[in-house]
Structures are given as structure tokens and as C-alpha cells.
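There are 2 protein chains.
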Amino acid sequence: MDNMTNIALDAMGGDNAPQAMVKGALDALDHSKDIKIFLVGKKELINKELEQYTYDKTRLEIVHANEVIDTDESPVMAIRKKKDSSLVQGLQLVKDKKVEAFVSSGNTGAVLAGGTFIVGRIKGIDRPALAPLIPTKKGVSLLIDCGANVDAKPSYLVQFAKMGSIYMENVLGIEQPKIGLINIGEEETKGNTLTKETYPLLKEEPIHFVGNVEAREIPSGKADVLVCDAFVGNILLKYTEGLGLTLFGFVKEAIMTNMKSKIGGVLLKKPLKAMAKRFDYTEYGGAPLLGLEGLVVKAHGSADAKVIKNTILQCKKFSNMKINEKIKEKI
Amino acid sequence: MDNMTNIALDAMGGDNAPQAMVKGALDALDHSKDIKIFLVGKKELINKELEQYTYDKTRLEIVHANEVIDTDESPVMAIRKKKDSSLVQGLQLVKDKKVEAFVSSGNTGAVLAGGTFIVGRIKGIDRPALAPLIPTKKGVSLLIDCGANVDAKPSYLVQFAKMGSIYMENVLGIEQPKIGLINIGEEETKGNTLTKETYPLLKEEPIHFVGNVEAREIPSGKADVLVCDAFVGNILLKYTEGLGLTLFGFVKEAIMTNMKSKIGGVLLKKPLKAMAKRFDYTEYGGAPLLGLEGLVVKAHGSADAKVIKNTILQCKKFSNMKINEKIKEKI
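Chains A and B supply the protein sequences, listed in that same order. The opening residue of the first sequence carries number 1 in the UniProt record's numbering; numbering runs sequentially from there. The opening residue of the second sequence carries number 1 in the UniProt record's numbering; numbering runs sequentially from there.
Wrong hints could be hidden among the right ones.
As the list makes no split between identical chains, a pair holds if one copy fits it or if it spans any two.
To be verified - With a Cα cut of at most 20 angstroms, we get these calculated EDC-like pairs of lysine to aspartate or glutamate:
1. K238 <-> E186
2. K203 <-> E187
3. K316 <-> E49
4. K190 <-> E73
5. K252 <-> D280
6. K48 <-> E169
7. K196 <-> D72
If you are wondering where the hints come from, they were derived from the structure by calculation, not from laboratory data.
If we strip away everything but chain A, and leave its shape as in the complex, we get (with noise of 0.2 angstroms):
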């Protein structure tokens, strides 16, 4: 047993909650022997979804939680108020040390504001910073910080690239990651002020840092981390969303012009289903909140079982690789 990473999931957020929670779990169960997962909500609902599955009891735990923060809660009042929701609840057990691990698809202020305030930073760290995946041609780029830093500073910037640095070569095992800095040009002297105050610190750091990354450049998969502030970072995020589903769309309604193109729709939907779901940065699991005193993931609202699946599995090579502890040695 002394491998088991203990991983607690909140079971009651994101849209799909406690359904694709609770069977999400099970499948990470099914999956790995070394997981334990405690799911932290109302114990009445997440029990009736369990009666319909057998499962490995010994690895599972209910932590009953009788409050539920909403989506459009305010975030920190939500936090101080809401002390039995299973998002506090859930949070207060990565700070107490009884699991390496929290993944939550609920209310995502709620989970930076919570993860800050209870979880508590890695010393040396100014800001926590949330890094989800998105996709590229070659396959996908850690985008630091869609959080809350949305009026950045320099320091704060270098920071992301560290910890994006370190999780990119560790848990998605590249090597040397490519650190970019998100900009409007190429050269060290074009941005705004944070930008052009960012650049020489980045160029003094021990990182692979390969300079300002164009937005045009971003999909071609130039950098592996890319670095920006919450703002700009939140916006490249939703945008991707929004213009993909607009492209998509456009497609379909070309497929709709005539009999012909519809012929050619059925002919390439394989192909095209699988376009999509390539670009579908769900499927690759969560988005760390790196630079906490332990692991915080937030997940998609809409997360199905597979994602939350695949978030579990993706806390326990986090916890495997000691992430933080590598953290603290590089800050």
C-alpha cells in the first residue's frame, strides 16, 4: 500500500455532477490499483449512483459534504460561507494531508479563490497559477495562467514559466520543454510593458526559453508552455472554444448545401469526428493549479466520466513525479 496516491474528487460539481463523477471514479479504479479516491459530497446521492456499479470497496470512500457552491457564486464568499460544501471540504482534505490530490469540475473562481486561501502556496511562490492544455498540430501546449492573475507581474510570469516548465517535462514527458512568451511580435522589444519586462527576465532563467510566441504561431505547436497573463490567457482559452465551434459549424453547413456535399458529408464523418475530437481540449483531462501546497485540478464544467477518468489518472503521475517537490527546489 505505500504506493496508493489518495485522491479526493469533487463529486458534486460540473454539469454532469454526481453521475459522471461517480463513474469516473470507478473507471480510474478499474484502471490503476494505486488509487484511492474519496469522493466528497452528499452521501444519500453519490450511494445511489454507487448501488448501480460493483467496484474495489477498499479503494473508495465517501467524505459526506451536505453544501454545494453553484457556478455563478461568488467565488470568495462562496468559499467562506459554504464551509460543508464538498468543494471546501474537498480542499481542506489536500490541506490536512489525507489526499495527494483534488479535482473539482465545479465553480472555477471558487476552486482558485479556495485552492489560495485553504490549500496555501508553495513558499516562494507569489501567485498560483491555473495551466490547461490546449491543442496544436503537434499535439498540445500548456497555456499558464488562465487563473485569476489577470493584472500579472514580471516575476509572476517567470514563475508560470518555471512550474509550466517542470510540469510539461514530467507529467506529458517532454523533454526540455519550449518555453514562449505569448506577445505581438517576435523581436525582444515588441509588447506592452508586461511584456517587454518579462523578456530579459525569462532570457536569464535556466529554461528552454524560445522568446515571444505570435498568436498566429500558437496553433503550429511552437512552444510547449506558453506564458501570459490570466487575462490574455483566459481570453486565447474561451476564444478557441468559441472559434472552433464556429468552424465546425461553418463545415456542417457546407456539408448541408446540396445532395452532393451531403453525399460527402457521410463519406468523410469518420474522419471528421475524429478532427474534432482532437481538438477537443477536454479530452485531455484537467487543468492544474500549479504552485499550491498540493495538488488542485480543475476540470471542465461539462467533464464527462472519461475526462474525470483521465484527471485522476493525470493527479497520480503528478503525485509520482513529485511535481511540488521539484517546484521547491527550481523556486
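Here the structure of chain A is known, so what remains is to put chain B in place on it, guided by the hints.
Relative to chain A, chain B alone:
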């Protein structure tokens, strides 16, 4: 001749100069009888192109300029040093009121810097803004600013909103254009310092302000005018281009999967091409630099003759609709 609009064109700027510039100019002359065009650049090169065509010589004039500003030159330095460049000479024609508008596909930074230094701002406008059109499901939206204001103040954004509203109403014919602030949440309290301070100011203005627009909603056409600083604007503009190309690449790959999908691709060729065209923002003509004492329009570096023709016709509309008089009234 009272209705004649005088428009200058940088014959040397862009990837396809001077061929596309000369052809575009002549196509515009053909299309509209009350335009006169001043081709600015190297006389011998322009004449060599013109030799191939027959056209109304009374409505075309060459303004010789011996130098060319390259796309990779430092904008401010180039403007200062290359006084006899096609760009500086063209802007000087606007300044001297010899033409109502000047179109260039050249160095964007130099167009921005030259526009401000040579043509000059409208009194009351703090900063001119570059405002390209981007494709949406409903048609197009004006993205303002994609120019030089990478560290903008709330008051700049308010002026961008007002100028954008006037432009979309008069040039695109949209009644009461919907003005949106690009942000990372719907609520007034969301965003970074800039957007949080800008929101209440926009509410007070006599424009049709529809609140924050999240990046996910941009392609839906929720707003006709999308207001942001130039860092965010440039990121969005370039990402639209990069992501669009990547997704079309994915579709092509899907088509090449196997024999069945290849046949599907043949059947879908026409509608897919039409779709790609809809997405190509260069189709919509150039981006006006709003807020100057005269009209300066930046066309895409890869603009072909058709884009140049469309841009020239757009200048005519701008002039006819007395946009600058309307901006002066409202500022």
C-alpha cells in the same frame, strides 16, 4: 466633378506590389466613375504595370516616390529617415488635403506611426486606433484597437467605442451598432483593471453598449464593435488567422484519410471553398486607422487586386458618409 473622391494608394507596399496595387486601382476606377486615384511609388515600375492596361487616364495620376519602407524596418526610424518613401509621400498627400484617403499594404507599424505623426489626430482624440473587420456567424465585427495602444487607458477605449460605432453605422450600414467590451466574464465587476474601469464609462455614453463580450461569444456576432486594447486586439486578430489555417489544415487531413474520404472531399470541394472565403478577413477590405485628420487605411500585407479594389471603394464610402465630421461632432 464635385463628387470626385481623391484617393492615394501606396503602389510599393505589400507582398504583391506593385502588380496587385496597379490592377486593384484600375478595377476600382472601372467600378466607380467618381474616384480619382494617385498611385504613389516608383514611376518607372508603376508605368511598366500600367502599360498592360487601358484605363481612364484623366482619373489616374502617378506621384513619384523614390524610396520604399520595408516590412521589417523600425517604423518610427523609417518614417523619419525615408522622407521620399511611397508611405511618407502618400500620408503627406492626406495631410495636405490633396486626397481624402490613403491606402497602404506596407509596414503596419510605419502606417500607424506615420498616420499619427504626419496626418495628425482629430482634436479631442487621444490615440488613433486601427480597426479591422473580423468574420462572425452573422457577418463581420469591428475589432478596435489592433494598432499601437498596447497599454491603453479607459478613456482611450471609450473613444474607440464611439469611433467604432460611427464607422459601423455609416460605412457598414448597421443601425445602432451593438458595442461590446471584450472581457473574461459577463458581469460588470469582472476583468482586469482596464476593463473594470472602462465598463462604467461606456455605460454613460450615448452608444448602444451591450456590456462585456467573452471571447467565446465573439464569433457569434454578439457585438458589432468589439472594444479592447491593442495587445488583446492583435492577439485575437492573429489567433483568428492561425487557428483558422490550422482547422482548415485538419479538414484537409481528414479528407486525405482514405479513398472514401477523398471522394467525400471532392463532393464537398465547392461549399468548403465558399466557407474558407467567408472566413478570410482580407476579403472585407482594409482596416481604417480611425481618429486621424483624414482617412488612412491599412490593407493586409498579402492583399490582392480584389482586396485593394474593395478597400478603395470603402474609402469612397467613408468620405461620402463624412465619417470624420461625425467623429468630430461626437467627441
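How the hints compare with the structure:
{"no.": "1", "hint": "K238 <-> E186", "verdict": "between (24 angstroms within a copy, 13 angstroms between copies)"}
{"no.": "2", "hint": "K203 <-> E187", "verdict": "within (13 angstroms within a copy, 38 angstroms between copies)"}
{"no.": "3", "hint": "K316 <-> E49", "verdict": "neither (24 angstroms within a copy, 67 angstroms between copies)"}
{"no.": "4", "hint": "K190 <-> E73", "verdict": "between (39 angstroms within a copy, 13 angstroms between copies)"}
{"no.": "5", "hint": "K252 <-> D280", "verdict": "both (17 angstroms within a copy, 18 angstroms between copies)"}
{"no.": "6", "hint": "K48 <-> E169", "verdict": "neither (40 angstroms within a copy, 58 angstroms between copies)"}
{"no.": "7", "hint": "K196 <-> D72", "verdict": "between (36 angstroms within a copy, 19 angstroms between copies)"}
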